[in-house]
Amino acid sequence: MKSSLRWFTVAACSTLLVTSCGKKETVETEVAREAEQSLPAAERVGSAEAPGTGPTGDPSTSANSMTASAGGSASDQAAYEVWFKKYNLDLNDPTMLDADPDGDGFSNRDEFLADSDPHDKNARPGIHKGIRMTEYNEVVLPLALESIEGGKARIKRTDQPDAKTITVQEGDTIRGLPLKVRRVETKQDFDKSGERVNLSQVAFEDSSTKENIVLMKDLPARTAATYAVLASPDGKTTLKVRRGDVFSWPAEEGSQYKVMDLSQDQAVIQQVETKKTWTIPRQ
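Each residue of the sequence shown is one higher than the one before, counting from 0 in numbering that gives the first Met the number 0.
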């Protein structure tokens, strides 16, 4: 990936210099040729093995492809040049995208995407710009609600195939589980299509964790043991989190984040200091 980014920097940035400054094509060709000499033969423009090279070996075709892999599209090239000039970065340096001038753990590429100062270690992109949810493990209550009638609920264990259906009411406990029935409620409503929906539920309290868990008919009840794994882009930093957890990230120790929600596809986190909320997608 680093080789590809270096190649992109050469192709895209030399093109940008020519476009913005109005220099002749010979200047672009000379800059690209000099930069290419420092790369392995397989990575040079026109090589059949060069990553990102278009079918004709045209640098502009490859630049469009590599701009996308660097976080944007070909139309973002002008923004790259403006940002490089703003922070006095060398457009002709093939290692520029991977460099970390301020040593804050974020590359120039990360800083560009977040529009933060690459020379100020206190101006960091924020973990929400880079981390992803790589794993999700849902732990559900081993119970299924069959029906509710007269303030009593018929419940069956799902982890015991031969278990008999039991009837419980408010104040009862579930044998073999640290659960106490707090409420039994019969409720119906209508969905957007006008169809009747059964929203009857049984609310439990887990005596071991003090967690409140709601079990609805035909739906699994997720417990606090459900967790997700967050990881940095390079996979070197990982963190296991549960809903309600407050954590900090090694590269951003000055900030704290709270896990607002977890699902199969994403994690929702909120920065404690600013109350800003972001969605972290699952890879």
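Some clues are possibly wrong.
[As the list claims (entries may be wrong)] Below are the DSS-like pairs computed for lysine-lysine, each with C-alpha atoms no more than 27 Å apart in a straight line:
hint, residue 1, residue 2
1, LYS163, LYS235
2, LYS239, LYS274
3, LYS155, LYS120
4, LYS191, LYS209
5, LYS151, LYS186
6, LYS179, LYS163
7, LYS216, LYS155
8, LYS275, LYS257
9, LYS235, LYS275
10, LYS163, LYS151
11, LYS120, LYS257
12, LYS155, LYS191
13, LYS120, LYS84
14, LYS209, LYS155
15, LYS85, LYS120
Just so you know, the hints here were simulated from the structure itself, not pulled from any lab data.
Hints, verified against the model:
1. Under the criterion of a C-alpha separation no larger than 27 Å, the hint pairing LYS163 with LYS235 is inconsistent with the structure, at around 48 Å.
2. Distance check on the hinted pair: LYS239 and LYS274 sit about 22 Å apart at the alpha-carbon level, within 27 Å; holds.
3. At roughly 56 Å between alpha-carbon atoms, LYS155 and LYS120 are farther apart than 27 Å, so this suggested pair is violated.
4. Pair hint LYS191 plus LYS209 does not hold up; C-alpha atoms about 35 Å apart against a cutoff of 27 Å.
5. Taking the CA atoms of LYS151 and LYS186, the gap is near 13 Å; set against the 27 Å cutoff, the hint holds.
6. With a C-alpha separation of about 19 Å, the suggested pair LYS179 and LYS163 falls inside the 27 Å cut-off, and the hint holds.
7. With a C-alpha separation of about 11 Å, the suggested pair LYS216 and LYS155 falls inside the 27 Å cut-off, and the hint holds.
8. For the hint pairing LYS275 with LYS257, the CA-to-CA distance comes to about 10 Å; that is within 27 Å, so the pair holds.
9. For the suggested pair LYS235 and LYS275, the alpha carbons sit about 26 Å apart, so the restraint of at most 27 Å is met.
10. The straight-line distance between the Cα atoms of LYS163 and LYS151 is roughly 16 Å, inside the 27 Å bound, and the hint therefore holds.
11. With a C-alpha separation of about 23 Å, the suggested pairing of LYS120 with LYS257 holds against the 27 Å cut-off.
12. Distance restraint check for LYS155 and LYS191: the Cα-Cα separation of roughly 30 Å exceeds the 27 Å cut-off, and the hinted pair is therefore not satisfied.
13. Among the hinted pairs, LYS120 with LYS84 is consistent with the structure: their alpha-carbon atoms are about 19 Å apart, no more than 27 Å.
14. For a cut-off of 27 Å, the pair hint linking LYS209 to LYS155 stands: about 22 Å separates their Cα positions.
15. Proposed proximity of LYS85 and LYS120 is supported: the alpha carbons are some 17 Å apart, at most 27 Å.
Violated hints for the displayed structure, listed by number in ascending order: 1, 3, 4 and 12.
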